[in-house]
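J.: Quick mapping for you: the protein sequence lines, in order, are chains A and B.
Per this note's numbering, the first sequence starts with residue 1, numbered consecutively.
Per this note's numbering, the second sequence starts with residue 1, numbered consecutively.
Don't take every hint at face value.
[Unchecked claim] Ranges of calculated distance between the beta carbons of each label pair, as one might list FRET restraints:
#1 Ala12/B with Arg23/A: 56 to 66 Å
#2 Asp150/A with Lys50/B: 29 to 39 Å
#3 Val133/A with Ser286/B: 51 to 61 Å
#4 Ala265/A with Asp394/B: 52 to 62 Å
Please keep in mind that the hints were generated in silico from the structure rather than gathered at the bench.
We treat Cβ as the ideally placed atom computed from N, Cα and C, and that holds for glycine.
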Amino acid sequence: MTVQQHSFSTRPDSKRIDACFARLQAEGRKGLIPYVTAGDPHPDVTVPLMHAMVEAGADIIELGIPFSDPVADGPVIELAHQRAVSQGVTLADVLVMVTEFRKKDNVTPVALMGYLNPVEIMGYDEFATRAAVAGVDALLTVDVPPEDADFLVEPMRKAGLEAIFLVSPNTADERITGITRVAGGYIYYVSIKGITGAGGLDTDAVSRRVAHVKSMTPLPVCVGFGIRDGESAAALSKTADAVIVGTALVQELASHEKPADAIAAVAAKVADMRTAMDR
Amino acid sequence: MSVDNRGTAPEAYHQPDERGFFGDFGGRFIPETLMPAIQELTEAFETFIKDPEFMEEFDRDLAHFVGRPSPLYHAERWSRELGGAQIYLKREDLNHTGAHKINHAVGQILLAKRMGKKRIIAETGAGQHGVATATVAARLGLECVVYMGAKDVERQAANVYRMKLLGATVVPVENGSRTLKDAINATLRDWVSNVDDTFYLLGTVCGPHPFPKMVRTFQSVVGREARRQIVEMTGRLPDALVACVGGGCNAIGLFTPFIDDKDVKLYGVEAGGEGVESGKHAARFSDGRKGVLQGNRTFIMCDDAGQITESHSVSAGLDYPGVGPEHAWLHEIGRAEYPYATDVEALQAFHDLTRLEGIIPALESSHALAYATKLAPTMGPDQSIIVNLSGRGDKDMHTVAAIDGITL
């Protein structure tokens, strides 16, 4: 399969996400992006977990902002949101976690992922300012269509943050063009028409779509939804610039009593995928 | 006053815009996977409402299947008792399936049919919308899945059984508060997962554009009829309209043809539950704030971190932490007022209307009646109020009996 290759530049003032993809490209590797919901299973676990995932081979971390009504998520990640919300973990707490993470890691990009309401309630200018100070690199809100996103994207740009947007299997080309116009950081390609954690991933079909999306944007294209193991991660990373894995990791987090065991299990899973992708 | 030129609404109010915004409210706050479906639906809706054949079929179904027009009934005895304005009841309780919900269900299913969709999904609170959806799906032979909060399944058992009789699959939703909000989440997840062949037949003026506009369009038959009827009966427009507001589609349906008649006061009555100070209520305008929930920006109940908080009401149909975005807009521009009635007040009105007029109202509609009991005495006997009696109370027998300490 031929894929148009853009080269991701590293400028001296380069943002962490740009720098990350430039580095990956220089090394001839593909990115691995784990997702966990902040505060799940316990607020104290998140920062050590982030470090452990980086240690195990994660290139970028997507950190979920806990929300009471995560409509785009399947039952596994929905429960993660519930565990975090029930312990009172807020967007402000998530920013504190990122601040804490940055004390030891000023290189790995952190993208927040979530739903609009917590950001709306904090206020867009205030969020952008506080997130930038905390060391956040980007925000992906799954329920904001790019054509109506100026109210969110403008304050973020001013603060130096990227707005990440989703492209779906059923997104028409003219929409993809519109999305790439406002999107920053990377394009999150949703591999299946469904919710997070759904089954039935057809890696060949996804690869063809990813190649098509890549031909339409200079941004890196990352694939998420339905990636569970080293095999699917390796298969998709042949075309995509990075793979995103969430449900499989959140499931691990939920199935261990002790925080240390949960962290170790997730790190092992990340390491497995890293190995499979680099093979 | 001339009757002829007032029985039809003037047309000056143009909301929402083409992206579904009423000012800052409304919009399409949904995942990307749903955007193509929303665009397809918007296009189909805008096309068919301009298609005379489609609208004739809709009107025909409203007349012969739903039983429209519904009467406007002068509640003389109750009005006399309250000692003030004359109260007229718009009898949506007399529709087929017992509530106003059938109006938009009939409209949306015709649209689904024209769009070639084979599978219908819906959420329901009190079960009235679920029953209406199951009814129209049965009539057209379409597969129907209704999501209903597990708590509502318990308190509305009769409606659950009706839906099953009609051939629908009822899925109890155990998540969150186990009520309408969670049923909507479950329906949205189904839609994201089955977006190609599935039509989401949404039950109120909430959700992403075009639902608030589409449901309003199909429900505004209520206000058009009421306007014509009150002018025929009294020779003039009413002084006030009162309707309960959960999502708010019966209220929008009644209000819409009167929006430009500034002398007609509009009151949307929310569920005060156990009282706003108790925190156990669904009075979004009294104790909520601007936020984004389930596809639109509106007034919602949430905490300082943006987490949606649980609503409470004796009536399942009003037990929802959000409200239709057009109501948020009408509130912001001061066109409508949004008071609330508590559980106790609604139950009192429920009993009063039953005893004085021989009409057993739904608990949802009883909130509108409760507010009318406060409003009427402040007005003169030559003035009039239209209350939307949006549904009948048969479904609430178990709830009311239990409150009265009786097991049926």
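J.: Hint by hint, note whether the structure agrees.
T.: The hints, checked one at a time:
Between alanine 12/B and arginine 23/A, the C-beta spacing of about 60 Å keeps the proposed range 56 to 66 Å intact. Roughly 31 Å separates the CB atoms of aspartate 150/A and lysine 50/B, a value that falls within the hinted 29 to 39 Å. In this structure the hint that valine 133/A and serine 286/B lie 51 to 61 Å apart at CB is violated, the actual value being about 36 Å. Separated by about 54 Å at the C-beta atoms, alanine 265/A and aspartate 394/B satisfy the suggested range of 52 to 62 Å.
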